[in-house]
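A.B. asks: What follows is the residue order along each chain.
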Amino acid sequence: EPEVTQTPSHQVTQMGQEVILRCVPISNHLYFYWYRQILGQKVEFLVSFYNNEISEKSEIFDDQFSVERPDGSNFTLKIRSTKLEDSAMYFCASSPLAGVDEQFFGPGTRLTVL
Amino acid sequence: RKEVEQDPGPFNVPEGATVAFNCTYSNSASQSFFWYRQDCRKEPKLLMSVYSSGNEDGRFTAQLNRASQYISLLIRDSKLSDSATYLCVVGGMDTGRRALTFGSGTRLQVQP
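Residue numbers (our numbering), protein chains in the order written: chain A, 1 to 114; chain B, 1001 to 1112.
Read the hints as simulated data drawn from the structure, not as lab findings.
Only a predicted model underlies this, so the values are computations on that prediction, with no experimental measurement involved.
One or more of the hints may lead you astray.
Claimed, not checked - Calculated pairs, EDC-like style, for lysine to aspartate or glutamate (alpha carbon to alpha carbon, straight line, at most 20 Å):
{"id": "1", "chain 1": "A", "residue 1": "83", "chain 2": "A", "residue 2": "44"}
{"id": "2", "chain 1": "A", "residue 1": "57", "chain 2": "B", "residue 2": "1003"}
{"id": "3", "chain 1": "A", "residue 1": "42", "chain 2": "B", "residue 2": "1039"}
{"id": "4", "chain 1": "A", "residue 1": "42", "chain 2": "A", "residue 2": "59"}
{"id": "5", "chain 1": "B", "residue 1": "1002", "chain 2": "A", "residue 2": "44"}
{"id": "6", "chain 1": "B", "residue 1": "1045", "chain 2": "A", "residue 2": "102"}
{"id": "7", "chain 1": "B", "residue 1": "1045", "chain 2": "A", "residue 2": "3"}
{"id": "8", "chain 1": "B", "residue 1": "1079", "chain 2": "B", "residue 2": "1005"}
{"id": "9", "chain 1": "B", "residue 1": "1042", "chain 2": "A", "residue 2": "102"}
{"id": "10", "chain 1": "B", "residue 1": "1045", "chain 2": "A", "residue 2": "85"}
{"id": "11", "chain 1": "B", "residue 1": "1042", "chain 2": "B", "residue 2": "1082"}
{"id": "12", "chain 1": "A", "residue 1": "42", "chain 2": "A", "residue 2": "102"}
{"id": "13", "chain 1": "A", "residue 1": "42", "chain 2": "B", "residue 2": "1003"}
{"id": "14", "chain 1": "B", "residue 1": "1042", "chain 2": "A", "residue 2": "1"}
{"id": "15", "chain 1": "A", "residue 1": "83", "chain 2": "A", "residue 2": "62"}
{"id": "16", "chain 1": "A", "residue 1": "83", "chain 2": "A", "residue 2": "63"}
{"id": "17", "chain 1": "B", "residue 1": "1045", "chain 2": "A", "residue 2": "44"}
{"id": "18", "chain 1": "B", "residue 1": "1042", "chain 2": "A", "residue 2": "44"}
{"id": "19", "chain 1": "A", "residue 1": "78", "chain 2": "A", "residue 2": "68"}
{"id": "20", "chain 1": "B", "residue 1": "1042", "chain 2": "A", "residue 2": "86"}
{"id": "21", "chain 1": "A", "residue 1": "42", "chain 2": "B", "residue 2": "1005"}
{"id": "22", "chain 1": "A", "residue 1": "42", "chain 2": "B", "residue 2": "1007"}
{"id": "23", "chain 1": "A", "residue 1": "42", "chain 2": "A", "residue 2": "85"}
Claimed, not checked - Residues of chain B clear of chain A, computed beta-carbon distances all greater than 12 Å:
{"id": "24", "residue": "1010"}
{"id": "25", "residue": "1013"}
{"id": "26", "residue": "1015"}
{"id": "27", "residue": "1019"}
{"id": "28", "residue": "1065"}
{"id": "29", "residue": "1069"}
{"id": "30", "residue": "1076"}
{"id": "31", "residue": "1109"}
As the list claims (entries may be wrong) - Distance ranges between label pairs, derived from CB positions:
{"id": "32", "chain 1": "A", "residue 1": "39", "chain 2": "B", "residue 2": "1109", "range": "16 to 26 Å"}
{"id": "33", "chain 1": "B", "residue 1": "1031", "chain 2": "A", "residue 2": "64", "range": "29 to 39 Å"}
{"id": "34", "chain 1": "A", "residue 1": "52", "chain 2": "B", "residue 2": "1051", "range": "25 to 35 Å"}
{"id": "35", "chain 1": "A", "residue 1": "114", "chain 2": "B", "residue 2": "1058", "range": "43 to 53 Å"}
Ideal placement from N, C-alpha and C gives every residue a C-beta, glycine not left out.
Please take these sequences and the hints and turn them into a complete structure.
C.D. replies: Laid out in structure tokens, this is it:
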């Protein structure tokens, strides 16, 4: 069964550093998403991406964040200057264009900002 | 009022029991509804979509009441492997929006 993959599984970084989280969505899916989950809290939407552009973003997704699809398979989330409060689990998800917008999640990257 | 509200639990039930979870959502324009399950420190996994007519998948039955803005999940014959957090999820708040809004989850612990 096809699945979303994410790398790395755990990233530790110093405050102020840039990080890039990587995702490979399911191959025939056309919508891609990033969500985050701070430990002990609910999953929160960050951004959705379709047809090589952002289609929707939340208040959390400020100027420190950017997304890119650098090639036909990868989808990345960049955090330019990490803060302590960026420590969270970051989940990538994808969904097909047609039909109900069921979204399938990758295993996540645990980001720890020190 | 929270956008998607769930009882956090935990629900502690014996194997074989039937357990029901409820969820309410605040935006009447919501278009799509789901139950996901999440194991500790893992990703949300889609359990089932929820339709107005109600739907069943094996031991799991989901119901949606749009008038009351209420979603339910019934699990029959609980197994130890059903122990997880069950997330009520709402999507499509406005036409064209695909962002999912998650509840905080209801924790289920099935005991032998």
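A.B. asks: Evaluate each hint against the coordinates.
C.D. replies: How the hints compare with the structure:
no., hint, result
1, 83/A to 44/A, "holds (17 Å)"
2, 57/A to 1003/B, "holds (17 Å)"
3, 42/A to 1039/B, "holds (13 Å)"
4, 42/A to 59/A, "holds (16 Å)"
5, 1002/B to 44/A, "holds (13 Å)"
6, 1045/B to 102/A, "holds (11 Å)"
7, 1045/B to 3/A, "holds (11 Å)"
8, 1079/B to 1005/B, "violated (25 Å)"
9, 1042/B to 102/A, "holds (18 Å)"
10, 1045/B to 85/A, "violated (25 Å)"
11, 1042/B to 1082/B, "holds (15 Å)"
12, 42/A to 102/A, "holds (18 Å)"
13, 42/A to 1003/B, "holds (12 Å)"
14, 1042/B to 1/A, "holds (18 Å)"
15, 83/A to 62/A, "holds (13 Å)"
16, 83/A to 63/A, "holds (13 Å)"
17, 1045/B to 44/A, "holds (15 Å)"
18, 1042/B to 44/A, "holds (15 Å)"
19, 78/A to 68/A, "holds (8 Å)"
20, 1042/B to 86/A, "holds (18 Å)"
21, 42/A to 1005/B, "holds (11 Å)"
22, 42/A to 1007/B, "holds (13 Å)"
23, 42/A to 85/A, "holds (15 Å)"
24, 1010, "holds (14 Å)"
25, 1013, "holds (23 Å)"
26, 1015, "holds (28 Å)"
27, 1019, "holds (21 Å)"
28, 1065, "holds (19 Å)"
29, 1069, "holds (18 Å)"
30, 1076, "holds (23 Å)"
31, 1109, "holds (17 Å)"
32, 39/A to 1109/B: 16 to 26 Å, "holds (20 Å)"
33, 1031/B to 64/A: 29 to 39 Å, "holds (30 Å)"
34, 52/A to 1051/B: 25 to 35 Å, "holds (32 Å)"
35, 114/A to 1058/B: 43 to 53 Å, "holds (45 Å)"
In this structure, the earlier hints numbered 8, 10 are contradicted, and the remaining ones agree with it.
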